[in-house]
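Engineer: Residue numbers (the working numbering), protein chains in the order written: chain G, 1 to 492; chain B, 1001 to 1289; chain Y, 2001 to 2315.
Calculated from the structure, these hints are not laboratory results.
You may find that some hints are simply not true.
Unchecked claim - Anything over 12 Å on all C-beta distances counts as not near chain B; from chain G, calculated:
1. SER119
2. ASN296
3. LEU300
4. ALA313
5. GLY320
6. ARG366
7. ASN403
8. TYR413
As the list claims (entries may be wrong) - Residues from chain B that face chain Y, not an exhaustive set, calculated with beta carbons under 8 Å:
9. ALA1130
10. LEU1135
11. LEU1192
12. LEU1242
Said to hold, decoys possible - Chain B stretches covered by chain G per the calculated footprint, using a threshold of three residues with CB under 8 Å from any CB of chain G:
13. 1054-1061
14. 1247-1261
Positions of the beta carbon are idealized from the N, C-alpha and C atoms, including for glycine.
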Amino acid sequence: MKMWKSVLAATVIALSASAAHAARTDLVLGVVLEPPHLDPTAGAAAAIDEVVYANVFEGLTRIGSGGEVLPALAKSWEISDDGKTYTFHLQDGVKFHDGSDLTSEDVVFSLDRARADDSTNAQKALFAAISSVEAVDATTVKVTLNSPQGSFLYNMGWGDAVIVAPETADGNKENPVGTGPFKFANWAKGSSITIEKNPDYWGEAVALDKAEFRIIPDAAAAIPALLSGDVQAFANMPAGDALAQIQADSRFEVVIGSTEGETILSTNNKKAPFDNLKVRQAIAHALNREEIIAGNGSGLGTPIGSHFSPGNAAYVDLTGTYPFDPDKAKALLAEAGFPDGFNATIKLPPPPYARDGGQVVASQLRNVGINLEIVPVEWADWLDQVFKNKDYDLTIVSHTEPNDIGIYARKDYYFQYDNPDFDAVIAELDVSSDEAKRTELYQKAQRILAEDAVNGFMFQLPKVGVWDAKLEGMWANSPVQATDLTGVHWED
Amino acid sequence: MSIEAPLPENAPEHWLRLALKNRSFLTGLLITALIAAMALISYVWTPYDVTDLIVADRMKTMSSEHLFGTDHFGRDIFSMIMVGARNSIAVAIVAVGVGMGIGVPLGCWAAARGGFVDEALMRFNDLIFAFPALLSAVMITAIFGPGAINAIIAIGIFNVPVFARVARAGALALWPREYVLAARAAGKGKALITLQHILPNIASMLLVQGTIQFALGILAEAGLSYLGLGAQPPMPSWGRMLFDAQTRMMVAPHLAIFPGLAIVITVLGLNLLGDGLRDVLDPRLRRER
Amino acid sequence: MTAFILKRLGIGLATLVLASIVVFAVMEILPGDPAQLMLGLNATDDALQALRNQMGLNDPVLWRYFSWAGGMLVGDFGNSYTYSSPVIELIGERAIVSLPLAVISLLLSTLIAIPVGMFAAARRGRMADTSVMGVTQLGVAIPNFWFALLLIYVFAVWLRLVPAGGFPGWSGGIWPGVRSLLLPAVALALPQAAILARVTRSAMLEVLGEDYIRTARAKGMPRRVVLWRHALRNALIPVLTIMGLQFAFLLAGTIIIENVFYLPGLGRLVFQAITQRDLIVVEGVVMLLVASVVIVNLAVDLTYALVDPRLRARA
């Protein structure tokens, strides 16, 4: 009997030791927003890319953790001297999750589908420069552009440009079929999405067997889920004021990174009195960025002085252009003809950065005499009223698309900003592929926007990465809207 | 006028005496008066300005400086509760007013006319009752946008059938009474009879129902503003304060406790007042308690 | 009796038809373009137009109403704009959260309220009665979402007995699912229980005052038997009415409570669908809720008729 017991004990110990030895291969990640569907080529929602980009779907190129362009389905490419022709060489032996082979025809199909007249691609502009796509042979694709485009390879790395198969494209919303290292397993609507390892992946196999994206929309639910171990990672956690508590807990690693989300006080540049540069400068002087950031929960975020991510190599710190100075703001308002200030409205979409930040902004502007009426709006109304019909004075929104300074050159964009000098810089940027030249142009563009005080530039949205201390390979920053799990693994 | 309607069973002195003996009436009245006073005083004075955000002072706990502490923007919670009372009361009063203003005439009309009008009104009631109230309130605010006015409309609509029902039931019971029949015989019109004889006699019933609906209105407003559909910042509201408190509860529980207590105490006070009023005004019900 | 049932059925059906018109009309005037919302900031006009055609948003109003209403009759609620899956599937997936939640809380509330109400009635006017009634008075005054916050704070954050929110699904077994519904069910049930207990008490008091009860007591029947067998049965009518009304209340209450606990139920579905302008989902869920209220009320009416023949005659 005694003997039996000790054998049992030994077995238990051996079993538990071996269990401890083999690292875990499953992961539950918390995500704030549930994607409306899982087809990145048919929707703008960042939540789609956060699940499927780089995990389930791949494009010709991909964006790395530092924002760089890396080869993906295209292992290499050549660019013609005039910069108008790109020849992509595809990886060998790539299979879609349904077992069919990836061929150059799939690439032609995907790009033609995205730029077709009846395309429902949310980022159709990415493909606007393409004039034709041809399959040269089974693994070679030639893309011809109307004019050289410096950002073309980067554009092809967006989630909206992933390669899909003609047979499965229509079903991708519900049952995504891509070429990535994970394949779609299950979606319990309103609750979670599960992906599992693709055993037939063409590239390096991933360490995780299974990953579940659990939808946890708010700090109130996120914190207990993390503390109890139900969820082991948040690429970007809505921790709010509880972050300090988590940081103090050695079980977790907290990595504050940067996103591509420029959070700005968008201003209607064609509407009086905001068409007056002095008024916009006064607003810029009235904003106390530190206080706005502190009022936003976790108190994190990097102040910005223009529409550019501090994580980008071409970033210049322009927060000093119009420093916080309420007296100067009042003086400028007086010069502009508003010695007693004026009334305006501010429309706030649902995210906390807008609803909470908006209250702080309203209080700061009231201090210099600008009385804001706060109008909360749902996203649907925001898109309709503000974005489409430009029916607004001020609004707060985070522009999370990567590298999107070019929107200021768009004629019909809701800022209603119009500056030929700026447009010229962007036009030049579009046709330059030399890095040094591009950096210089980017910096010039940032300066113009800062000096024109086009919008109230507030802060870069932080990426509050929180995960189990034993988990390795999560991205610190998010140069694209993605949760790239290809390098994620558990330490022993 | 040969036959007069009888005086309401209780002359003023009579029910005043009853009221002073009724504990729940007195407690309810006291609480309601206190909250109302707080709301009124907030128009002229609050300890701190609730529109002034001092972010550096955020989430301070209770102290002699800030009796109930400060919120995530550094605003004084006691002051916010005072101003929030004003919002809650205003929304609930107007919503009940809308319900009464539309529902009572409808109910009286249905009772007076009977037949098709009556049937149509009852079906209309069924229709409104078939919609879960909160759901419809969410839909209404989705159309017109969130805000105090739309919260009033949403809550008001659901008060209409309640008052229509109460008024109709009360009026139906009165129409066969002798003094009403006599008035009809004297050639008075239905509208005039309703005004002179029916309304004064169902007034106490309506008052009691009104108090109860008022309490429900305060709860409904809190629920709507918790969902972000009621009064909008910078106007403080109790429900919204609870919403803001939810994610910070672990760090600063006081953010959730005081606004919640404010709601409970107000609703409790109104319910006690309603119960007390019923006891005082309606002797038949008093027997049962 | 048949006439009564037919009349009630007819009224129920008419209510549903009217409700469908109201719901459809309300959704028509809701501002915002679902297509724009789905495609986001950078969408081009022709992409939007293509999507609108695809979703059938460009069809005439009447056509859309009849195809929607007709579809519902055969169980086809259309396809969600945002999830692009059949609405009926979405409803099914969410109902397996909301229905158990509503049932558990209705059970909880009934199990607490009826004994408490009877207990208070039996001890009318004494200390026990007064204190029970005091507690129910408080229960009626507590907003359920605040009560939920307090429950989360005590049982999930402080004691860590149950999860603070979210729903693990039923695939992992019954218990994890039920465990995460416990707090929400309690939060929903207690305020309802307070109301129900008060109704039970006064209904019991009324019945206890009736002659036949006094006769039964005078004949020497034990107090307990009188209370449970005779009095309760007759007091059930008002109690049932309130329970019927409460069902509608519970359904609506799930909107707030599911938001507090992040439960993927019908309430959250409809709330999200409204903000995302997923009109067809809103229409489907609202009609379903309205239908269930109508059916429950019908059932309550019919039960009356069975319990009380006098009501049958009157109808």
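Engineer: The structure should be examined with respect to each hint, and the outcome stated for every one.
Structural biologist: Okay, the hints, checked on the actual structure:
no.	hint	result
1	SER119	30 Å, holds
2	ASN296	9 Å, violated
3	LEU300	14 Å, holds
4	ALA313	33 Å, holds
5	GLY320	21 Å, holds
6	ARG366	7 Å, violated
7	ASN403	32 Å, holds
8	TYR413	25 Å, holds
9	ALA1130	5 Å, holds
10	LEU1135	5 Å, holds
11	LEU1192	31 Å, violated
12	LEU1242	6 Å, holds
13	1054-1061	holds (count 4)
14	1247-1261	holds (count 6)
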